Amino acid sequence: MKMTVIHTRSSGHVLAAFSAVADPERDPTPLLEQGLLVRNTKSIKPGVSPRGEELVIAALELEATVLDLVSDVLDTPRSFSVINGNLVRNVSEVTGVQFNASLQSSTQLTITLPTALLPETVIWIQAERIGNDGPRELRNGLLVVDALRPPATASPDPDGIIVNQPVRVMLGISSGSDDPPHASPLTFPGDYAIMVLVAGRSPVIVTREFPLSPGPIIAA
Amino acid sequence: MGDSIKRPTFYEGQILAATDLEASVQYARNQRARHDRLQHSWGIVEGLRLNPEERQTDSGVAYIEVSLEPGMAIDGSGRQLVVTEGLRLSRDDFRQAGVVSLTGDAADPPTYPIFLTAVDQPITATDSLTGSCGTSAPRRMEEGAVLEFGRPGDELDLEEQIPPAVDEGPDDLRFPWRILLGYVRWDNDIRRFTEALDDHDGIGRRYAGVQAGEVTAPNGELLLRSNASGTSGAPAIRLRADEDESVMSVGLDSGTGDLSNLMWLSSEGDLTVLGRLRGKLSSRNVLLESGVAFDGTVLPLPPGVTEDQVAGGEATLHIQLSPRTPPPARPVGTFGAMMQRLDVDPDTRRVNCLWRFINFDLLDATNPNVNVFDEPGSCSYVVMAQLAEDEEEAEQ
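Those sequence lines, one after another, are chains P and W. Position one of the first sequence corresponds to residue 1 (our numbering), numbered consecutively onward. Position one of the second sequence corresponds to residue 1001 (our numbering), numbered consecutively onward.
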């Protein structure tokens, strides 16, 4: 039996999966043309509007791979990644991720990962404005941790240099599609669903409101 | 109208002249040529392959000797070209033919076409018989065939050769018809052939054919073979009148001449195919796909059904979803799970599958911390595609 896993092209995170009995090794490309809807946990509390992230990952960022069927992957696909064509279970998500975007001084969303990461770790991020009728703000970015990023003061690691400084990823968020990228600060305040995919780690998907007063907000 | 065909006739006591006997021979010869030219198409009938034999020079350089095997061809005038015994291609003749190109790309050396053409050769009388006035002339004509070496590209004009008029016999050989046998490559340094080819750039050996509006078998079975009988794996088509199970079959030669069927049609119209049928299907077929899909994915269509068929209304989809075991709840506690949403977008076929989890440990309507949340999950699905009738079928 085979299954098709849909994962991000750059970081390998599996975001969905399906099996097909009649044609298990079909070309899945046509099924990705509309992108992939990724829904996160939606919290429901008395007196509070239900909140849960929904992002659409563009087809360009996706890849589909046919693998031997693993039932766990069909039920909890986001616990897995495809690395070099092999299925691996993600380790726990990166904690303490900071998100920062300032109305006064920044045209960018800055995301800081305080956790030490191995060189060449791929980080892929998508931020998408949600929850109102304004123009859809969608940004994504890719970062590969630089092996030469100094200094290497952490304990020696057999795999090489450990990046023990925070890794910052900056995504430009402009006021609309008519403006040049990064041209102006956030003029459409609102909620942004943000997905941070660090290769080999479970996805981090949160909602943050921008713009903010200066100062970082630390993810739960 | 052109000249009519004249059949020689004779009467008792007639003094036969040489022209009368010649007319008898020509009548039969021309009739045969018209048949071969007009009811068949020109080309190789049998044999006439260029066979290479690998050799080495004294200094160890590889080359080949090329020989032509016996066989027969029919040219565009309807003339038979018969090679009765094997013939080795002469390197001297090739060099003297004046076709060798002294320039060219060493990585892609020129290919020289080899043609067969007809030639008549009078045979000198070996006896002392003469005519009534002491005249003498050859009494036999040898219908020969000779090899001709062409320049690269000469093979491009073969289809432009002009056949004789319909009432004429074989060509008078002022412009001998060329039949392509293959190609050779030549090494100018060692002055030898290095390669023999059947075709080059899509132009190769042409075989004789049949021109007919109807082909009828006398014994109730008609067989079309792609190769000689007994060629293992060669495809063939058979029509058989006395078999209910397979009035028509397509198969492969098993190596003994028998056909191993791949597909056959019965006299009832039932078609049996051992492989898979691919392509656009119709006629109220119902095709299925099933499996498991996670929230957010687009359900695959059954094999053979295209997105265009669905968009154009040629295929109607029936989709059935069933919940699977809910995914494990992430927070710690005692949770209950219920299906919150399970449907599919009719336009995009995107699955919406959400489970609602309730923390029984905090189950109190007044407790602001009551922990209720929705999680995406997976479901089982069946997609059935019902294909619409063709317009022609609907009219029937």
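In short, the hints are calculated from the structure, not lab data. Accuracy of the hints is not assured; some may be wrong.
Only pairs whose alpha carbons sit at most 20 Å apart, straight line, appear in this in silico SDA-like list of lysine to any residue [as the list claims (entries may be wrong)]:
#1 P/Lys45 with W/Lys1006
#2 W/Lys1006 with W/Asp1154
#3 P/Lys45 with W/Asp1374
#4 P/Lys42 with W/Pro1326
#5 P/Lys45 with P/Val206
#6 P/Lys2 with P/Gln34
#7 P/Lys45 with W/Arg1356
#8 P/Lys42 with W/Asn1371
#9 P/Lys45 with W/Asn1371
These numbers were taken from a predicted model, which means no experiment stands behind them.
Status of the hints after comparison with the structure:
1. As the CA atoms of P/Lys45 and W/Lys1006 are separated by approximately 109 Å, the hinted pair breaks the 20 Å bound.
2. Between W/Lys1006 and W/Asp1154, the direct Cα distance comes to roughly 38 Å. Violation of the 20 Å bound is thereby established for this hinted pair.
3. For the hint linking P/Lys45 to W/Asp1374, the alpha-carbon distance of about 11 Å falls within 20 Å, and the restraint holds.
4. Our distance criterion of 20 Å between C-alpha atoms is met by P/Lys42 and W/Pro1326, whose separation comes to about 15 Å.
5. Under the criterion of a C-alpha separation no larger than 20 Å, the hint pairing P/Lys45 with P/Val206 is consistent with the structure, at around 17 Å.
6. Only pairs whose Cα atoms come within 20 Å are accepted, and P/Lys2 paired with P/Gln34 is rejected, the gap being roughly 23 Å.
7. Using a Cα cut-off of 20 Å, the hinted pair P/Lys45 and W/Arg1356 holds, with the two alpha carbons roughly 13 Å apart.
8. With a C-alpha separation of about 11 Å, the suggested pair P/Lys42 and W/Asn1371 falls inside the 20 Å cut-off, and the hint holds.
9. For a cut-off of 20 Å, the pair hint linking P/Lys45 to W/Asn1371 stands: about 7 Å separates their Cα positions.
Checked against the numbered hints given earlier, this structure breaks hints 1, 2 and 6; the rest are met.
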